[in-house]
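One letter stands for each residue in the lines below.
2 protein chains.
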Amino acid sequence: MPRQFGQRSAGPQPLLETPMARVADNRDQRSSRPPPSDNSLTRKLSHFAPLSGSDHQVLDRLAAQEERFPANLDISVDGMVPRSVFLLKEGMAMRYRNMPDGGRQIMTFLIPGDLCDMHVFLLKEMDHSIGTITPVRVAPISRENIVELFGHHPRISAALWWSALQEEAILRERIISLGRRDARGRLAYLLCELLWRHAAVGLTDGEVFRLPLTQTELGDTLGLTPVHVNRVLREFRERRLITLEQRTLSLLDVGTLQAIAGLNKDYLHFGGAPADIARYFDRLEKERAAR
Amino acid sequence: MPRQFGQRSAGPQPLLETPMARVADNRDQRSSRPPPSDNSLTRKLSHFAPLSGSDHQVLDRLAAQEERFPANLDISVDGMVPRSVFLLKEGMAMRYRNMPDGGRQIMTFLIPGDLCDMHVFLLKEMDHSIGTITPVRVAPISRENIVELFGHHPRISAALWWSALQEEAILRERIISLGRRDARGRLAYLLCELLWRHAAVGLTDGEVFRLPLTQTELGDTLGLTPVHVNRVLREFRERRLITLEQRTLSLLDVGTLQAIAGLNKDYLHFGGAPADIARYFDRLEKERAAR
DNA sequence: CGCCACGTTGAATTCAGTCAAAGAGCGTGG
DNA sequence: CCACGCTCTTTGACTGAATTCAACGTGGCG
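Which chain is which? The protein sequence lines are A and B, in order. The numbering of the first sequence is full-length UniProt numbering, which starts it at 1 and goes up by one. The numbering of the second sequence is full-length UniProt numbering, which starts it at 1 and goes up by one.
Since the hints were made in silico from the structure, they are not lab data. Ideal Cβ positions, reconstructed from N, Cα and C, are used throughout, including at glycine. Treat each hint with caution, since some may be false.
Unchecked claim - Examples of chain A residues lying across from chain B (beta carbon under 8 Å, computed):
| no. | residue |
| --- | --- |
| 1 | M99 |
| 2 | G103 |
| 3 | Q105 |
| 4 | L122 |
| 5 | L123 |
| 6 | I133 |
| 7 | W161 |
| 8 | R174 |
| 9 | L178 |
| 10 | G223 |
What the hints assert, rightly or not - Cross-link-like lysine to any residue pairs, in silico, SDA-like; alpha carbons within 25 Å at most:
| no. | chain 1 | residue 1 | chain 2 | residue 2 |
| --- | --- | --- | --- | --- |
| 11 | A | K124 | A | L171 |
| 12 | A | K124 | B | G202 |
| 13 | B | K124 | A | D282 |
| 14 | A | K124 | B | K124 |
| 15 | B | K286 | A | P154 |
| 16 | B | K124 | A | D276 |
Starting from the given sequences, assemble the full structure and let the hints guide the process.
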């Protein structure tokens, strides 16, 4: 329960450099540093449509600012007024809500390249919290920058829209998981989802990636108790479907896992947008450039 | 599960006038008919920010076109390319997905004033279906109209964004329901949600409104079997919390129901946006008008 | 009248939760 | 350097909420 702002005994951790203030301003735009190639957002958005060189620049500039937070800290708390948008650059976080009875439901995990989130600033108060799981590096993005982006960069806007839609698709998939799948199916689905999302930002090695989650956190996501998560994990291990040690997960048999989850489709929409739509935004981009 | 395009034996029902074709074109825009005052969308969006007279006109024009569909018909099918956006003007529909094992998960119900949905046209194919529950009247809205709206009417755009966010909040709430609430809590929450959403578009009479859902449909929403839904409904009736007959639902004790669901907050964000954001879009609107 | 979808109820079953205890790993402090 | 404390994991025995299976009731409509 007393988990908010709790700080796990975790030894010397990177402390926050710029705790809560100083929103990005546009001054050091064309700074001398070369574009940091750690921009997972760029990588993710590229799945939607090929971005131009200047698009990359714009996005890299957006991601240039940086704040660090330790593990197990709430970045954004239920009931507060949302301050700004964050781009997660490294580490893992979660979007969750504490229930009055002490339970917790994790709605989604945030991984590098994810924005948390695009549009909360339209709301009067947060209806959930965002907390770190590992230490994270984030780029704070001001409301003004977002508005600027949507106003002047149609192709990026479209890609961001698409990304938001993908997130919504993930939310829907989770509803299906919780509503219609048993424990095995839920876990199998979640592991596949995390694999694919990590793959989309280049954080996988084949079917292997880092998964720094406790069984309690998995349970709070899947609507299961940690005890039961443990049992299902054991079953998966015994059936040689997965391997999970040292916080590293290998999916040994994705096909079977998908079958257990009852899914077979390109539900994450990595295919991008229909060609005519992509062309449309491309045209918008050129018109704006011509002016 | 031969339910798609299935058509319940349901007697003389309003048949479809324009079955599947003819997406809205802009020809009869300024038709002679007076603005239909049945625009639930306007009513819903007004909760966000006061709309101007011309905003009302724009929205009424958008809702002028009309198609009718009978009950139990899929308007939009999983796997197909989304055609256009619909504004639901009357009746009830649902967003759902059929599982390979024959199950069905309903993700949300669509009621008058809902758009289904804003942005699917960015995707290559639908990852779920939209089907009618009762006969419905919808206004088809073309991609061009949407783009036009977002391009030229900032205040309406902002209101639509807000409405989309509200929908997302509802999705999140459903995740919480399915993940962390027991059968009683889930049902209690769903009934409250439906009451408030109906109230927002003026379709309630106190705590009473029409609920044309079968227990099977409730179960497919809540992740429960119809049998169990029946039992929980019985319990609620016996505890004098609700009344449900002739497809009319009365919530006799909303407070207790909320308590059972474990919710107490203004989670639907009917409060609208923070004042400074509202002002911002207002200013945008004026700038555009000045040009 | 008889079909059909929907609602209702009971009894047996099962998946997941609860309670409890013990082990493993890690960092801290004596 | 080892012991302690902490969190996380693992396992077993028992419990319970919801499902399954099955039957019967009910109302509308052809």
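Status of the hints after comparison with the structure:
no.: 1; hint: M99; in the structure: holds (5 Å)
no.: 2; hint: G103; in the structure: holds (5 Å)
no.: 3; hint: Q105; in the structure: holds (5 Å)
no.: 4; hint: L122; in the structure: holds (5 Å)
no.: 5; hint: L123; in the structure: holds (6 Å)
no.: 6; hint: I133; in the structure: violated (18 Å)
no.: 7; hint: W161; in the structure: holds (6 Å)
no.: 8; hint: R174; in the structure: holds (6 Å)
no.: 9; hint: L178; in the structure: holds (4 Å)
no.: 10; hint: G223; in the structure: holds (4 Å)
no.: 11; hint: A:K124 x A:L171; in the structure: holds (22 Å)
no.: 12; hint: A:K124 x B:G202; in the structure: holds (23 Å)
no.: 13; hint: B:K124 x A:D282; in the structure: holds (17 Å)
no.: 14; hint: A:K124 x B:K124; in the structure: violated (33 Å)
no.: 15; hint: B:K286 x A:P154; in the structure: holds (22 Å)
no.: 16; hint: B:K124 x A:D276; in the structure: holds (10 Å)
Of the numbered hints stated above, those contradicted by the structure are hints 6 and 14, listed in ascending order.
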